[in-house]
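**Student:** Residue numbers (my numbering), protein chains in the order written: chain A, 6 to 257; chain B, 4 to 317.
Be aware that one or more of the hints could be misleading.
[Claimed, not checked] Label pairs and their in silico Cβ distance ranges:
#, chain 1, residue 1, chain 2, residue 2, range
1, A, 71, B, 196, 26 to 32 Å
2, A, 24, B, 305, 55 to 61 Å
3, A, 170, B, 177, 58 to 64 Å
Source of the hints: derived by calculation from the structure; they are not laboratory data. As the structure is a prediction and not an experimental result, all values here were calculated from the model. Glycine is no exception: its CB is placed at the ideal position from the N, C-alpha and C atoms.
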Amino acid sequence: MIDISGVSYAIGKAQILKDVSLHIPCGQITALIGPNGAGKSTLLNLMSGQEPLQTGTVSVDALHIGQTRPRDLALKMAVVAQHVGVASRLRVRDLISFGRWPHNQGRPTAADHTMIAQALDRFDLNALADRFLDEVSGGQRQRAFVAMAYAQDTDWLLLDEPLNNLDLRHASRLMAELHRLAREQDKSIVIVLHDLNYAVAWADHVVAMKNGALAFEGATQKVTNAENLSALYDTDVRLVQTEDEVFVAHHR
Amino acid sequence: MPDRWFLILLGALVAASALFLTWGLSTRIWFILELRLVKLAGLITVGIAVGIATMLFQTLSGNRILTPAIMGFDALFLLVQTSLVFFIGGFGFVQLPGPVVFGINTAVMMVAAVTLFGALLHNNRRDIQLMILVGVIFGLLFRSLTSFMQRLIDPSEFAIVQGTMFAQFGGINRVELLTSVCLLLPLLVWIWRQCPVLDTMALGRDPARSLGVPYDGLQFRLLCAIAALVSIATALVGPITFLGLLVSSLTYSLMRSHRHALLLPTSAAMAALILVFGQTVFEQVLDLQSTLSIVIEFAGGLLFLFLLARGKLQ
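Excised from the complex, chain A in its bound form:
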């Protein structure tokens, strides 16, 4: 469980987060939704220890962010950031093998190679394994970064808008893969999403942020209703129920 309590965050005079407290459950997919500038990414960065905490505390299972050794934290959670650029000339396979760093500190073992092969397989990257990162498309690069986080093989996986740049097929495959990880390997996944349809379809738990504060949170079926979502985005949002699926309609 990730336990966030009393977290506030300011950059200069701008208050990004205002006294946020919540629990994120284990073994599930938690979607972090909300309008632009709601503080979703900041909250994610604070959870992963990428930004130092200003006030409040965050703990992941038993580890307190800010008091845990970086390596222990890296064995507990993997992070996929939003804008990732890499300066050095890396092949896709090399990038994924960096996911094993917290385990092997640069001395790969047979187990590491198995894990890397698995990551290539799962995220449909075998054909690209020996291409350089600056020679593949944005979406392919994005998938390589997710595969790297997968190879890190941690209990927690934090992803900041991983569906950006992905085409329909790869976006739904990625979500299905994350779903499988949560179900089969009991991984806990926190994911910032903009497309509400993916959130409604795949997330078990939803955390909605607005203006740096918690708007609502809870099990997906319970809290994602037209009223909540309309208020969250200040826009008319309808939920359309078909036989076995729910769609979020907001396009007109």
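Take the given structure of chain A and dock chain B to it, following the hints.
**Tutor:** Below, chain B without anything else, positioned relative to chain A:
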């Protein structure tokens, strides 16, 4: 497994060194050999220091166009050296034994480099245009302050500064060389052990941190190492702005690898080869009609403009 290109470079370096030592050797063999050996050792030391400092800095700054020299590191070294003469006086400066002067220089240089460039790298890693601009301004500032102080001190002290400042490839001081090598060897051992973690750091600060690399602490130590390497090179032969850039872009285009265990030795060998081969050609073929540093600056400067124009600012 050593890389093919690295072995070729190493072979070329050995050949160039042999050529440098033996070309036109006829009379007073031992006397000349001894002189040349000192010079050769100096050139190789400078090559290793410049090659490795450049690679390390490019890994930290996350791009392939900025080098310590372009960012004003060696101008900073000259400033430190001049301020030493300025504050303790030319007489005191001459009284101090060589290694002590070198040690003080390096220590002050480390503190200054970490303070200035640490903060800069922390906030502006992504903004390469800004970094180049700051580098140019730093360089200018350091040089202006240096010449300002040189104007204030009296002429005899100025002569002392000048003597230490513009040691060229021709005359390498033996005491300085010995001190440099003694500092260089442990540094190289330490840097070599950091190779795997350097690969990870090249991903950038946030990704490296999320993999559990204590990035900020390492960056601090690496900046210290870079400052020491630049001190070694600058103390021995004076500032050479574009050698590092020349070496790093050649290395990257040869190696096409991200592994520092390959990149660092290759760039060191490449820099040493350019210096030794260049110096041989200048001494034997061109009869010292020009200086090596001018040609390196010319070729390197052209390359810098070319890289800028091609927009290869990554």
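**Student:** Is 55 to 61 Å right for how far apart the beta carbons of residue 24 of chain A and residue 305 of chain B are?
**Tutor:** holds (58 Å)
**Student:** Mind checking the hinted window 26 to 32 Å against the Cβ distance between residue 71 of chain A and residue 196 of chain B?
**Tutor:** Between residue 71 of chain A and residue 196 of chain B, where Cβ atoms are some 28 Å apart, the hint holds.
**Student:** Okay, residue 170 of chain A versus residue 177 of chain B on CB: inside 58 to 64 Å?
**Tutor:** holds (60 Å)
When each numbered hint is compared with the structure, no violation occurs for any of them.
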